[in-house]
Amino acid sequence: DGGITQSPKYLFRKEGQNVTLSCEQNLNHDAMYWYRQDPGQGLRLIYYSQIVNDFQKGDIAEGYSVSREKKESFPLTVTSAQKNPTAFYLCASSTLTGQGKDTEAFFGQGTRLTVV
Amino acid sequence: AQSVTQLGSHLSVSEGALVLLRCNYSSSVPPYLFWYVQYPNQGLQLLLKYTTGATLVKGINGFEAEFKKSETSFHLTKPSAHMSDAAEYFCAVRGYGNNRLAFGKGNQVVVIP
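Chains G and V are the protein sequences, given in the same order. For the first sequence, position 18 (counting from the first letter as 1) is numbered 18 according to this note's numbering, and the numbering increases by one without interruption. For the second sequence, position 26 (counting from the first letter as 1) is numbered 26 according to this note's numbering, and the numbering increases by one without interruption.
FYI, nobody ran anything at the bench for these hints, they're computed from the structure. Cβ atoms here follow ideal geometry from the backbone N, Cα and C, with glycine treated the same way. It is possible that part of the hints are untrue.
Stated by the list, open to error - Each computed BS3-like pair below joins lysine-lysine, with the alpha-carbon atoms no more than 30 angstroms apart:
{"hint": "1", "chain 1": "V", "residue 1": "K49", "chain 2": "G", "residue 2": "K71"}
{"hint": "2", "chain 1": "G", "residue 1": "K83", "chain 2": "V", "residue 2": "K105"}
{"hint": "3", "chain 1": "G", "residue 1": "K9", "chain 2": "V", "residue 2": "K69"}
{"hint": "4", "chain 1": "V", "residue 1": "K105", "chain 2": "G", "residue 2": "K57"}
{"hint": "5", "chain 1": "V", "residue 1": "K49", "chain 2": "V", "residue 2": "K68"}
{"hint": "6", "chain 1": "G", "residue 1": "K70", "chain 2": "V", "residue 2": "K49"}
As the list claims (entries may be wrong) - Among chain G residues calculated to face chain V with C-beta under 10 angstroms, some are:
{"hint": "7", "residue": "F12"}
{"hint": "8", "residue": "A31"}
{"hint": "9", "residue": "Y35"}
{"hint": "10", "residue": "Q37"}
{"hint": "11", "residue": "Q41"}
{"hint": "12", "residue": "L43"}
{"hint": "13", "residue": "Q50"}
{"hint": "14", "residue": "Q56"}
{"hint": "15", "residue": "P75"}
{"hint": "16", "residue": "T79"}
{"hint": "17", "residue": "C91"}
{"hint": "18", "residue": "A92"}
{"hint": "19", "residue": "S94"}
{"hint": "20", "residue": "T95"}
{"hint": "21", "residue": "G108"}
Assemble the whole structure, with the sequences as input and the hints as a guide.
Below you can see the structure in the form of structure tokens.
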């Protein structure tokens, strides 16, 4: 079945450590996204990518980094510079607008990151 | 740039009563509009979407939404709430030619037996 896989589902990190969240999709989508979700704040865009080896900052990119070496993969690294990293992280993918009928984003099941 | 406004963070509705969630958007280009549902500790699932054509859109689980360009709105309704509708609902907009997807802050729906 096609879809998006995020791993791990739960992640614990010590303060001062970097941690990488995995996101893989087999939907052949060009665009991929990372969102952060906090209670009452909805989904805030961290980074997005429309093509391999290219990505753009979203609204809250500080303290995060990404790479897009393969079309299927868009890992997110939460660095020690992120002041408040405890949150629920969601990865999504979509076609580019103007291509095909599927205009919506498809989401993974999320990774809950807790700093201990 | 696109943005979405969802008023009120929580909504309590009695089982069998109407569910109405309001969504207003801003977009400088023709919009694609979406409603998603999220159950606890899960990802988002698409309820319905508007791209072009008919402005009344029907989705899964008995939900529907109407695109009103003059009011820049895309309100979500369901005639009769069920206990299984308890979840968080997000409205989202994507402008044609723009691949960035913007979300509202969400509405937490509680269904009272």
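Results of checking the hints against the structure:
1. A threshold of 30 angstroms between alpha carbons decides the hint, and for K49 (chain V) with K71 (chain G) the separation of about 25 angstroms falls inside it, so the pair holds.
2. For the hint linking K83 (chain G) to K105 (chain V), the alpha-carbon distance of about 22 angstroms falls within 30 angstroms, and the restraint holds.
3. A C-alpha spacing of about 40 angstroms is found between K9 (chain G) and K69 (chain V), which places the hinted pair above 30 angstroms, so the restraint is violated.
4. Distance check on the hinted pair: K105 (chain V) and K57 (chain G) sit about 20 angstroms apart at the alpha-carbon level, within 30 angstroms; holds.
5. The suggested pairing of K49 (chain V) with K68 (chain V) holds, with an alpha-carbon distance near 13 angstroms, which does not exceed 30 angstroms.
6. A distance of roughly 29 angstroms separates the Cα atoms of K70 (chain G) and K49 (chain V); the hinted pair therefore holds under the 30 angstroms criterion.
7. Annotation: interface hint on F12 (chain G) violated; nearest CB of chain V at approximately 16 angstroms, more than 10 angstroms.
8. Checking A31 (chain G) against chain V by beta carbon gives a least distance of about 5 angstroms; that is within 10 angstroms, so the hint holds.
9. Satisfaction of the interface hint for Y35 (chain G) is found here, the shortest Cβ-Cβ separation to chain V being roughly 8 angstroms, below the 10 angstroms cut-off.
10. The interface hint given for Q37 (chain G) holds, since its Cβ lies 9 angstroms from the closest Cβ of chain V, which is under the 10 angstroms cut-off.
11. Of the supplied interface hints, the one on Q41 (chain G) holds, with its beta-carbon coming within about 6 angstroms of a beta-carbon of chain V, less than 10 angstroms.
12. For L43 (chain G), the interface hint holds, since its Cβ comes within 10 angstroms of a Cβ in chain V; the closest pair sits about 4 angstroms apart.
13. A hinted interface residue such as Q50 (chain G) counts as satisfied when its beta carbon comes closer than 10 angstroms to some beta carbon of chain V; here the least separation is about 5 angstroms, so the hint holds.
14. For Q56 (chain G), the interface hint holds, since its Cβ comes within 10 angstroms of a Cβ in chain V; the closest pair sits about 8 angstroms apart.
15. At a threshold of 10 angstroms, the smallest CB-CB gap from P75 (chain G) to chain V is about 17 angstroms, leaving the interface hint violated.
16. At a threshold of 10 angstroms, the smallest CB-CB gap from T79 (chain G) to chain V is about 23 angstroms, leaving the interface hint violated.
17. Hint on C91 (chain G) holds. Least Cβ distance to chain V is approximately 8 angstroms, under the 10 angstroms limit.
18. Satisfaction of the interface hint for A92 (chain G) is found here, the shortest Cβ-Cβ separation to chain V being roughly 8 angstroms, below the 10 angstroms cut-off.
19. The beta carbon of S94 (chain G) is positioned within 10 angstroms of a beta carbon in chain V (closest approach about 7 angstroms), and the interface hint is therefore held.
20. Because the beta carbon of T95 (chain G) sits about 9 angstroms from the nearest beta carbon in chain V, less than 10 angstroms, this interface hint is met.
21. Because the beta carbon of G108 (chain G) sits about 5 angstroms from the nearest beta carbon in chain V, less than 10 angstroms, this interface hint is met.
Hint compliance for this structure: hints 3, 7, 15, 16 are broken, all remaining hints hold.
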